[in-house]
Amino acid sequence: MPRSTSRRRFLKTLGLNAAALPFLTNLPSLGFAGSTSRKKRFVVMFSPNGTVQKEFWPDRQGPDFDIKPILKPLEPYRDQMLVLNGVCDKVKGDGDSHMRGMACLLTGIELFPGNIQGGSHTPAGWSTGISLDQKLKNVFQASPETKTRFGSLEFGVMVPDRADTWTRMSYAGANKPVAPIDNPYEMFEKLYGQVQDRESLSSILDDVQSDLKKLRGTVSAEDRHLLDEQATFVREMELQLKAVPETETGHTIPEIEQGVREDNDNIPQISKMQIDLMVNSFVSDFSRVATLQYTNSVGQARMRWLGIEEGQHSLSHEGDDNKDAQEKLTKINTWYAEQLAYLVKRLSETPEPGGPGSLLDNTQIVWGNELGKGNSHTLNNIPFVLLGGGSDFKTGQALKFKNVPHNRLLLSLAHSFGHEVKTFGNPGFCGDGPLTGLT
Amino acid sequence: MPLFLTERSQFSMPHNLLAAWLHTFLFAAAGFALFEQRTTAADEYPGKPLYAKLCASCHGDDGQGTADNYPAALAGDRPLVDLARLITETMPEGESDVCTGEDAEAVAAYIYDSFYSPVAQARIQPPRIKLARLTNTQYRNAVADLIGLFRGGRTFDDKRGLQAEYFASGRYQKDKALDFKRVDTLIDFDFGEDVPAESKFEKKEEFSIRWQGSVIAPETGNYEFVIQTDNGFQFWLNHSQVPFIDGKVRSGNDAEYRQTIFMIGGRPYPLRLEFSKFNGKSGEIRLRWKAPHKIEEPIPERFLTPTRYAEVLTVETPFPPDDRSEGYTRGTSVSKEWDTATTSAAIEVATKVFDDLNRLSGSRPGKGDRSKKLRLFCERFVERALRHRLTDEHKQLYIDSQFQKTEDEETAVRRVVMLALKSPRFLYREIGGQNDTFNFASRLSFGLWDCPPDSQLWNGANGNSLDNRIKVSRHAARMVNDPRTKMKLREFFHYWLKLDHLTDISKDTEQFAGFDRALLSDLRTSLELTIDDFVSQEKPDLRQLLLSNEIFLSGRLGQFYGADIPNDVKFQKIAFEPEARSGILSHPFLMSGFAYHNVSSPIHRGVFLSRSILGRSLKPPATAITPVPSKLHPDLTTRQRVALQTDHLVCRSCHEMINPLGYALENFDAAGRFRKKEKNRDIDASGSYLQQSGELAKFSGAKELGEFLANSDEVHLAFVEQLFQHVVKQPIQAYGSGQKEKLRDLFVSSEFNVNVLLAEIATVSAFDHPPADAPSVETAAK
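Protein chains in written order, with this note's numbering: chain A, 18 to 456; chain B, 352 to 1133.
Hint data in this document are derived by calculation from the structure and do not stem from the laboratory.
Some clues are possibly wrong.
Below are the DSBU-like pairs computed for lysine-lysine, each with C-alpha atoms no more than 35 Å apart in a straight line [as the list claims (entries may be wrong)]: (1) 259/A with 746/B; (2) 289/A with 724/B; (3) 481/B with 164/A; (4) 481/B with 231/A; (5) 599/B with 230/A; (6) 289/A with 599/B; (7) 756/B with 231/A; (8) 481/B with 724/B; (9) 348/A with 289/A; (10) 724/B with 193/A.
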């Protein structure tokens, strides 16, 4: 069972590992991947409760597509953008639409029967299969060329502190949900804790030596050897720490805003912090797969900073004729697009380390949702927007498909990362292979 | 030779393993035996006059060195041949051709045996109290207690089971439909489709239960917790917020959840289990574990308590094993691996402290008193870690300078924690060995508990309740009744009875049908219960342990050993074969352990009795000898075969002691079942022991053996010495000649009350600590 407190970092990386210190003193682990070939990355951003369709979908398809209000923040990047209409989550079975929408979004396969009872349908458990992000992580980690320290990073923004089918979209396998880390400080600790430990260690060893020296004189000659031996070990460790070349420790630790509490009203700051950390982790090549999950399926963010008091999910149930709700939902979804735009901006402004172009040129972002539309709970027409050049898709266009299963999109993405499988998720939805027109 | 190879499968352990096992077992005492033997008179060395003539002017008459020429003592670990070569090539200085060849060899032999070799040094210099680092157990306890200071302690109580609250609703968290409360001894339920029988509500399918309390780890190690249920649940262990196993989401056919945790022996870990049933057909819930050396089972009642103790900060960094070469764990050596482990552990603890800093410091970021509270935390942490009141100098080095070096206070706290845990003042038991009240406190607490001083001791050291011997002994008397002492005593008995060696026992499946892993697990539990029962007595009388005719049996054991108890009984203390059995000496677990997989082993049993109970030193066998397989001599009894095998001259010197001790237990077969015959011949259980007084003691069977041992002065002295060394982790001889006998006298006059002996050992080691060797002026100046 995944859990998310940072105290576990130690267990995973150091505590149960007899060879703990080499990790600290000789940090090749800060980026194993030393290859010069192109570093391709995969990012999924999730926002909940469907969208406002008429404010989202372009009227015109093709390269000359128009941009509706919700996608306006992304206008500067229209050349790197692909809007995909008509892609539907066809997975049926146990669980309500919010559950299936969430847990099948990246897995494309049914849920287990279980005890989580939604608003309708039968109760369900976790996904029965692996999600695409985790699959690609495994593919990357299997090869020394593409292996990174973390393999994947799961970011969250105000994800409720409970593990259930509505809060988990990443799965390491059947029944293996992966918890996103929604506390930026915890993520910071995960990314940079070791570098900090190293600095702290270097800083205290001098003091240990000075006290050892003082104590040396207070023990008998026979006992002194013990302290001398320890002093030697400490000196050796100091030398080891110094021997780590600057280039390996040189990953700059980003400055992050201090004292931001996990609180609904801090969502904008948390969002920015998480995006900054993600971009930084790419620069250091800590990971080539990342997810960014805003709240959860059925999420109830109250976007007071937009002047909206109601929770998003409650609003999403209002009928199409409720103009006020529609306007608010449009604002909310536009805000999500702004977050995406910030991510895209950061990536586009950051040169690819050791290669030509920007990070954005080598990163494939998918923005998805568990529903097409909130009030109908439809899983059709999931608002999929693709951004960046990681998959080498033909960007700068809007495409309209005819009711195609989203498994085919997952296949397209898998193939674009060299993982050329015939099916992904439920094979029954993969019959026609990857989507046409993307490449 | 081929014969031996084919015979290997005969034994319950692979031959090489067995040999290795015997070896470690026997080698433990070799050190002392060796130098006791080497008594060649110095006068007999032809090299002695040569040394006096050529070497003594620089090296001193006894190799002690001379201030003017060569101040260092001649002592080291070069092999003899090397020493001779060195003399030939280099000595005397400037005239190296004066002493060569046979002369050099003669001088080397004299030097080596008289004062140079480690053995000679040990003979010349009687054992002394050595500077020692914390043992691994002490280290883990020290960290747990340090953090425990800030989490609030609770005195141990004897309540057992878990507090259970039953709710008449599947969502107990949200409503207050408390149905009833009780203490559940075992979490092993199947409610079927019904509600619990005691429910006040009728015909309600939906209910939930919350169990709370703590689980006590009987020993340090990995524990696998297992939850079996078809319903939703969450299980918290040693962390109040993050579930250890989260089974709230039932998914697919998962009905069993497992997770392993490392726990420190003797400590209670807080737990909470919440279970809810809505409308399923099944209402099963079981809380099980797999403890070290045991099979998976429902967690027994004696390891559950309804009291919720504070979370335990458990250092998970692995440490290299402690030295046990002299029969007890001690920290008198350091290694690179150990130093590395202490660094990893310091980082681990600093990380965990950081994660819980708000609670530990009682403050929140951004609050006005944050800085002050963090400082206070650091001061308390450091002084308790270093186990002395802080001097201004220490405060500057350990705390102030850390806050000066970084602007970020939380980073400073991390560094303070790391520095304190890397400090020699924390890592070593005591440096310099001054007789101050703080060292009295530490010696008492590490002695009796393997833990740092508790608050009572700390306050005593700060005040005036530890400043004379009577006050020190009062603390010792209080501490002896603490569960931590019981834990340490229990651990002693585990060492004493070699339980750590007896981990993989198996028996011939035809001859001993039913001797399976479950039975073995029960057997071990039975012996552990005997020990627990013993140490929990107010006046534990050592003789009782050797003489008692009672034993703890489970239904399963009863069936196998033919005792008259119901099959479904968990464990019950009953008199069992009282005419034949004698306390732990004939306990079936030990009898099975000190045996082969198909036949008994008088040698293993004899070695155990010699080493542990009688405290005799044994040299390793002169040559490795493969045991004579029973098949080779189908007509011989085990006794006859062993006699034949050890008949060789080189074997006899030890086996003349070992075998006749082991023969006295021949009434117990390889599984510890009582028998009167072997191969249709009457068992000959007569044995003997040549006492150090020169008198030959004779006995037959376990009962007479027990009587002899329980009343043997050698046994009492051996027990005193071994317990002392287990407690103090220093040789008893270092505490003055005659100390062992003084303690033995007290032990005898107290009717062999182990608690009285323990308290006195603690007092002696704390207060009668010989003054530290004053460092010489010359070395101190360095």
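Holds or violated: residue 599/B and residue 230/A, Cα atoms, limit 35 Å. violated, 55 Å
Going straight from one Cα to the other, do residue 289/A and residue 599/B come out at no more than 35 Å? OK: residue 289/A and residue 599/B at ~32 Å, within 35 Å.
Regarding the pair residue 289/A and residue 724/B, is the alpha-carbon distance no greater than 35 Å? With Cα atoms ~31 Å apart, residue 289/A and residue 724/B stay inside 35 Å; holds.
Hey, residue 481/B versus residue 724/B, does the alpha-carbon distance stay inside 35 Å? violated, 39 Å
Satisfaction of hint between residue 193/A and residue 724/B, Cα-Cα up to 35 Å: Cα-Cα ~41 Å, so violated.
Distance restraint between residue 259/A and residue 746/B, which requires alpha-carbon spacing of 35 Å or less: Cα-Cα ~27 Å, so holds.
For the pair we were handed, residue 481/B and residue 164/A, check the Cα-Cα distance against 35 Å. violated, 50 Å
Between residue 348/A and residue 289/A, does the CA-CA distance stay at or below 35 Å? holds, 18 Å
Next pair to validate is residue 481/B with residue 231/A; report whether the Cα-Cα distance is within 35 Å. Status holds; Cα separation ~19 Å.
Quick one, are residue 756/B and residue 231/A close enough, alpha carbons at most 35 Å? At roughly 21 Å apart (the allowed maximum being 35 Å), residue 231/A and residue 756/B satisfy the hint.
The structure is inconsistent with the numbered hints 3, 5, 8, 10, although it conforms to all the rest.
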